[in-house]
Amino acid sequence: MTELVLQGVTVAHGEREVLTNVTSRFGPGELIALLGSNGAGKSTLVRSALGLIRINSGLAIIDDVDSTKISEQVRARKVAYLPQSRHLSWPLSVMDTVSLGRYAYGVRLGHLAGSDRDAVNGALAACDLESFAHRRVDQLSGGELARVHCARAFATEAPMLIADEPIAELDPWHQFQVMQMIRDYVNRGNGAVVIMHDPELAARFADRLIWMVDGAVVSDGSVMSTLTAEQLARVYGMKAEVFWRESEAQVTMLGPMERP
Amino acid sequence: MTEAGYSSRWLVPLLLVVVVVLCLIAVSFGSTPLGLSRALAALFGGGPATDQIVVLEIRLPRALAALLTGAALGASGAALQGLLRNPLAEPGVLGVSACASLGATLALFFGLMGVSHWALPASAVLGALAATALLAFMAGRVGSMVTLILIGVGLSSFAGALMALLMNLSPNPFTLADMVNWMLGTVSNRSMADLGFAAPFLVSGFFVLLHIRNDLSVLTLGEETAKGTGLNLDRLRWMVIIGAGLCTGAAVSLAGAIGFVGIVAPHLVRPWVQHRPGAVLVPAALLGGLILLAADIVVRVLPTSTELKLGVVAALIGAPAFVWIASRRGLSHD
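Protein sequence lines correspond, in order, to chains L and Y.
Start counting the first sequence at 2; every next residue gets the next number (our numbering).
Start counting the second sequence at 9; every next residue gets the next number (our numbering).
Since the hints were made in silico from the structure, they are not lab data.
Glycine residues also receive a C-beta, built at the ideal position from the N, C-alpha and C atoms.
Please note: incorrect hints may appear among the correct ones.
Far from chain L by the CB rule (all over 12 Å, computed), these chain Y residues [what the hints assert, rightly or not]: (1) Thr58; (2) Phe145; (3) Thr155; (4) Gly162; (5) Asn222; (6) Leu224; (7) Ser225; (8) Leu227; (9) Leu239; (10) Pro285; (11) Leu310; (12) Thr312.
Only part of the chain Y face toward chain L is listed, based on derived beta-carbon distances under 8 Å [as the list claims (entries may be wrong)]: (13) Gly230; (14) Thr237; (15) Arg284.
Bound conformation, chain Y alone (with noise of 0.2 Å):
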């Protein structure tokens, strides 16, 4: 008997492959047509000096925080459905992306940011941390999927209540303006320190997921017969509420708030690994990041006159592509 499908043996190969072609794409198109061949020596210090900065300052960064934001968030996604055993749960969704957002944007109301460049991710972190700690805490009192997708809705409306209040009071225009910047998602003008600012964040949290793939698979029982297959449930619940928390507070510091990839990530790999809640983490973060950057290099070649939002560009996918998700599943597994 064979135990795997072929498809899901290489199904991360092939994701791995896709992703090293768009980044390819994304260093070499924008608004300087560089090439392949041109790109590729900036990227490894060849060239003019023009192009290894358009390469290696602007659109390696840019792209990297596309890639990273979508794993971060396709992860979180995965661990979330795993954990709650619903395809709706999503850090979006749940109202965790705004808990950090109104961390980073607490962050930038005081200024913080001079005070240091940790404070930010670092605020961000905390903000999805504490939405995912409430999050699994309610789980285990109310039992009900619709009833918690309701306290995140409520929870994400606060969120944006309290972010509303600090833009209302903005000291100034500039702040403002950052924290509007904030709330739209994007990831242009993102730089290596940047990247290096989210990644510990964003890598702790993802191995700390990674850690609990195979506790994820033994929660398809339901809790109770889990528990009774080995499980140490409240171990599993906190790993989960650390690892999203770190991913989800790591993308919204790199890219703001950007919904929805977190439940159409794990949804498109879910049939290729046989629905295994734990084999579905890897992919859906290879997929999250590939969707992303690929809505990313479309937003830069797109011709408008103000470059679009990547945050604006996801909602405007993600958001019917959750409820076509929703539709199909109904309320059965309530």
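So here's chain L without its partners, still in its complex pose (with noise of 0.2 Å):
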């Protein structure tokens, strides 16, 4: 299990400031949606989180410990990291980019063995990647790629995983499918922190709701209680109508606000 920890995080480029003050723990069992327009600064948390860049005042905790005094490994280990960019500079098979998540343990490409064997078919199962496990990356389509990222990620089967716009440019199908394969990684236990644009489907999948404005959290909390209208205009400048069927929320988006 792990826990990942912000404290009064400020990050800034320069004079301008892209992350303010930022306070937040992501924990295992839970599925969390991080929301916010264009540039709101929900990148730079997540990277923050991990120690990727430096943080000018606060501190970024994972496990008890300063993320920037965690070796590369054993950050690895305890988290998995799935970035925005699907790019892969060689045309590698699926096979190896798959097990590319092992690095943190030490294994060669082409010599996997017991445990590392084990996690890697276990991740191109359940990122249903079986057949394709020898084509060619560059053979693949969009869809297909964005899987054998997720499946990437779960072979490392650190216990968190932070996903950058997994489903960006998929299409609703495939969407559903990798929101689906990161719902059952938070069902087995571990803990997801997942940007993402459409907030009906972070409704449909998340079980915590986090919300950004200009490089502040504006809200944080449970689907029912911070999915509402009046905080879509307040994120996204948008009028917009919130629906609930059941426990299904239905975001109608009207169109954008007039801005003053």
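Work from the hints to combine the two standalone chains into their complex.
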């Protein structure tokens, strides 16, 4: 079980603060969706939680240790990271790409054995990729490639997953498929923080929503309590209606609000 | 599920066999034809003294120099391509070889060889290390491979200009001839002692690169993802700077400026190792050595009035190969 804690984290690029005094806690058994408009600081938040960028003030803590003081390998075993970019520099096989998820355990490509092989095969199965294992990644569609990256992150068998827009550029069917894979991962007792842009999909899959505006967290709570028309107006500047059918939210965006 | 194809399992042993065969050909043929049996006898200390001199003091050092130079350039190319995630990266293209040549030319210009035999390999290695360090530093800042290659082109031109200046100011025609020969690239007249001076740099550089094979593979994911997957990127950068710098510097100190081996060898090997950046390193080194050894045999047996320089032949074949690789790839990965 891994816990990520942010304590008053502020990140600035030059004079401009891109993350302002953020305090939050991400733990096991919870799928947290991070929502906000472009440039609201979502990626900066997760990257600072991982210790990938320099924090100007505050603390990012992974399992009671300052994230900047943990070695890359130890951190990678605790938190799997699924960034926005799916680009691969060389046309590796699907099997090799997923095997890279075991890098923190010292795995060499083509030399999988024991628990590493089990982890990779398990991740390939979880993402329905077994029949693709020997295909080259440059021969895959966008949806297939997104699943390969999910499998790579799952192969790490880290108790926490941080995913930066894992469903961007995917069609609705693949969006559901990837979100369901992350949901299943959380249902196995892990934790996940997922950056996304679709409040309705977030409401369907997440346990908790964190809303951001201009580098600050403006709301953090359950789906029912935080997904409101007022929230959507504040976060996206959109007029919207939110209907609830039992516990399922239906969001209709009516149009942009007039800016003062 | 099989993880590695048969091709990658047999590639290294196959290349090793070809290397041995080419070495035997290299010591057997030349202006004094010995044939395999006499060459083998001389190689193991038998046969007439003249045969032993031809084989052990002329042909073997020359063949080993070609082999080691090619291997060092092949390994450096593979490592730089892995670090910069681009098949066009190579010591020659990026100006590392030119800076090593500048170091060597400076040693020749100032007559440092009279001070110590280590002066030339050491200054070549220093030149190469300075260039790789600059490139790795710039790679972190510019982010674009095209820009980085242009920086390499600039670096190469600047080192070339400084070498031209040194030749211009050359104190006597002998020094000038030394420098010109250096810039053309050759392994003729190399002795076991020359090999001995380059070997420590070359071997240590190669082991540094071997050590980071696995890290190059994870970099396929891109820098930030690789860091998130557990890579210590700063350490990897330094290791490639040191490893490729030592290898390229040693190669240049042995043979002068020889281009394009570092781009062609990894490129040819890559499909046979399933494009794994770490697995490219050893076969690329072997193939690089093999290419230069074969080219040097051709240079020796060609009936030209003046022997062609190895660097000239390498560039004649390598430059079109570079253009071909670049045009097939386009700019899609920038």
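Verification of the hints:
no.: 1; hint: Thr58; verdict: 49 Å, holds
no.: 2; hint: Phe145; verdict: 18 Å, holds
no.: 3; hint: Thr155; verdict: 17 Å, holds
no.: 4; hint: Gly162; verdict: 24 Å, holds
no.: 5; hint: Asn222; verdict: 5 Å, violated
no.: 6; hint: Leu224; verdict: 10 Å, violated
no.: 7; hint: Ser225; verdict: 5 Å, violated
no.: 8; hint: Leu227; verdict: 7 Å, violated
no.: 9; hint: Leu239; verdict: 6 Å, violated
no.: 10; hint: Pro285; verdict: 6 Å, violated
no.: 11; hint: Leu310; verdict: 37 Å, holds
no.: 12; hint: Thr312; verdict: 41 Å, holds
no.: 13; hint: Gly230; verdict: 6 Å, holds
no.: 14; hint: Thr237; verdict: 5 Å, holds
no.: 15; hint: Arg284; verdict: 5 Å, holds
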